[in-house]
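Which chain is which? The protein sequence lines are V and Z, in order.
Count the first sequence with our numbering and you get residues -14 to 423, in order.
Count the second sequence with our numbering and you get residues -14 to 423, in order.
Check each hint, because a few of them may be wrong.
If several chains are the same, the list does not tell them apart, and a pair holds so long as it fits within one copy or across any two.
[Stated by the list, open to error] Cross-link-like lysine to any residue pairs, in silico, SDA-like; alpha carbons within 20 Å at most: (1) Lys146 to Gly190; (2) Lys146 to Gln58; (3) Lys213 to Glu18; (4) Lys111 to Ala85; (5) Lys213 to Arg47; (6) Lys111 to Ser99; (7) Lys213 to Gly190.
Keep in mind that the hints were calculated from the coordinates and are not lab data.
Protein chains: 2
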Amino acid sequence: MTLVRRLSTAAADFDAEFARLRHWSAETDSAIEGRVAEILADVQRRGDAAVLEYTARFDRMRVDGMAALEIGQTELQAALAAILPAQREALEAAARRVRAYHERQLQACGLSWSYRDEDGNLLGQKVTPLDRVGLYVPGGTAAYPSSVLMNAIPAQVAGVKEIIMVVPTPDGVRNPLVLAAAAVAGVHRVFAIGGAQAVAALAYGTATVPRVDKITGPGNAYVASAKKHVFGQVGIDMIAGPSEILVIADGTTPPDWVAMDLFSQAEHDQLAQSILLCPDAAYLDAVQASMERLLPSLPREAIVRASLEGRGALIHTRSMEEACEISNSIAPEHLEISAAEPQRWEPLLRHAGAIFMGAFTSESLGDYCAGPNHVLPTAGTARFSSPLGVYDFQKRSSLIAVSAAGAQVLGGIASTLAHGEGLQAHARAAELRLSDRA
Amino acid sequence: MTLVRRLSTAAADFDAEFARLRHWSAETDSAIEGRVAEILADVQRRGDAAVLEYTARFDRMRVDGMAALEIGQTELQAALAAILPAQREALEAAARRVRAYHERQLQACGLSWSYRDEDGNLLGQKVTPLDRVGLYVPGGTAAYPSSVLMNAIPAQVAGVKEIIMVVPTPDGVRNPLVLAAAAVAGVHRVFAIGGAQAVAALAYGTATVPRVDKITGPGNAYVASAKKHVFGQVGIDMIAGPSEILVIADGTTPPDWVAMDLFSQAEHDQLAQSILLCPDAAYLDAVQASMERLLPSLPREAIVRASLEGRGALIHTRSMEEACEISNSIAPEHLEISAAEPQRWEPLLRHAGAIFMGAFTSESLGDYCAGPNHVLPTAGTARFSSPLGVYDFQKRSSLIAVSAAGAQVLGGIASTLAHGEGLQAHARAAELRLSDRA
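Using the sequences and the hints, build the whole thing.
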């Protein structure tokens, strides 16, 4: 069996093959949904007692009370002091860059604004931070300190006063890099809880865990189902699907570089998807040869192999333009334009979580430290959603101050429309402000 | 029985009374959820045929095919030509003002941006419109032409190329004002379908109804449940709860004006909530007297009375500051500061969908034509969400172009962090770009 399938857009069966390749269902298992609904209702009803029971059952952590599940600032700082100096420097350098980028984002699109129209009415929007947010951090093998930075720093830049982190610690094992990242990112409180019970504690509040206004961060199917369930009572970020990379190559990037970029997505998870599009068949051959040569050197070879066999593809396109069109139909989470003139193709690309331009811009640099957020829309949701950002930790309030003169102009319009809708109190509220009423 | 309850923050039982007053559950009926899931699955499987069957059953509309359910541009223009000239002028004036405001919003927070850092790396965000959106417009008594403007115009300003509207027309009755508003707002296609079947058609696409990227607009419990269900496959706006107004008064506004503003919310629906907060008990007496005098003159008296009896309140506060704190705990959809110095209190108000400042700024002026959107977060969700806006019809893609020099700096950081997370392909993708590698 070959490592990765080869497709060609010129083949008669391309559309069908491509649709099969792309298939992934966001539907949640209804058994999981039922179980999650029970856990949520139980935590809503019994609070801390329920959280303690589920934590004992699922994470094998028996403690006397919730206080034993809070990880204090002293322990976070101790974790930061204990990790290797090179790791601490890397975490701090990444945090600085992520913070700098998100501060630019705040300036570019996160500030209040207002203006006065010709009648002296003031109109605008006031932008304010959320009061308190919850950050879900997975435990076990998928515990990523970089995700702590990527979720907490935008909240901090937005001005959120209280960032609560939850992270399951099965059997009591705590990940020192995750705790160090929480210290670097300025997380305010950390609880060693996870699963649907942690989402419930954040959404409804318990005697110990304060209720938050929004929950962000990735998790397993139970966490995703719980977030979807509490959506509306609190805000949530997107429900994440498997991670994906799409590379559009013009054949000028060293094949080993592109091969390793495809691997770096595939190593996440066997459902992860790595796709390369290129109009140059010889280049596809070269990348495939690189992949076959480099793969055995990877510790996560088995996951990479399963991911590539199941969902990977090297696709020969008729042109770079066609590659851009296919990319738009996918709306990939990560999109590399590994080309000599990336700025030539970028305007053709309408949908993507993040666009990595040029041979030096490996996705991994963006994942860790370029500055932009690595929490990105997956599974085609880049058609309608955006990277996690400062704007996810802010909300807007419209501002309206109508002048006496303005009320005369607006009152007539509002009155006519309100009568048309059969809402007479609306009409009369407008009419009462007219100075020429009898 | 009095028309509206009076509360005082100084009373011993205030907190309990206030909690009872505020109680409203966003939980969906599970019988409705099950029925909706069936309809969605059926439309996903059978497409147009299923939509036709449900439309025949629920809207008593039997037609030969989907073509008969599309309302063409000719009919929209005919509706616009047929309504009263005053209504047409009011619709067009409102649309102009709403468009002007949302164009400011686009300039303030909806444009692409980028910068270069000290190593010559380009970082930024590209902001692009959604390709195609669906606008749900309720039929029957709650069919509001103003909502057509408020949903379609931000999409149009964002640059959405195709705006698809669905509106149920039970028994084939079409609302000419709604169709005229669609013409004014520049809606591209209109289908006379509604309910969960319309949401399914938009979310999954059928042979006739194109699949959209996001669905916005209010609807009944079936529509709300359907939107929540398809969330993730498409984007949705917020799930709307009952409408609410909170007025903070300092006693300087004519009591009749405030009374009518409270009515204008209560007339929507008997679950709507109208609350007045004021530190001046005599002023509360005056407003109550106005309410009792003015109510019998309203055509929707019965709805107003039910809403006020069930969920309304006039609350005596110790101070304006306390009124602002209570308002923050409610996070109201509509917040009027009916005071001589609204700008003095505005900075104390952290959570609200829209803030109406000063005696002339009745909520009804904002509902129709001041310019800001009237689709606002309800049921306390202003804690974490925002008015509908241009930003709801755009999405962002991060832009990253790392320079050769930048790759040397970033590569070391990324490599260290990736090794720490056990993701060696990530590390090696970064290391391959280092020019000093052996």
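Item to check | Hint check, failures only | outcome: 5
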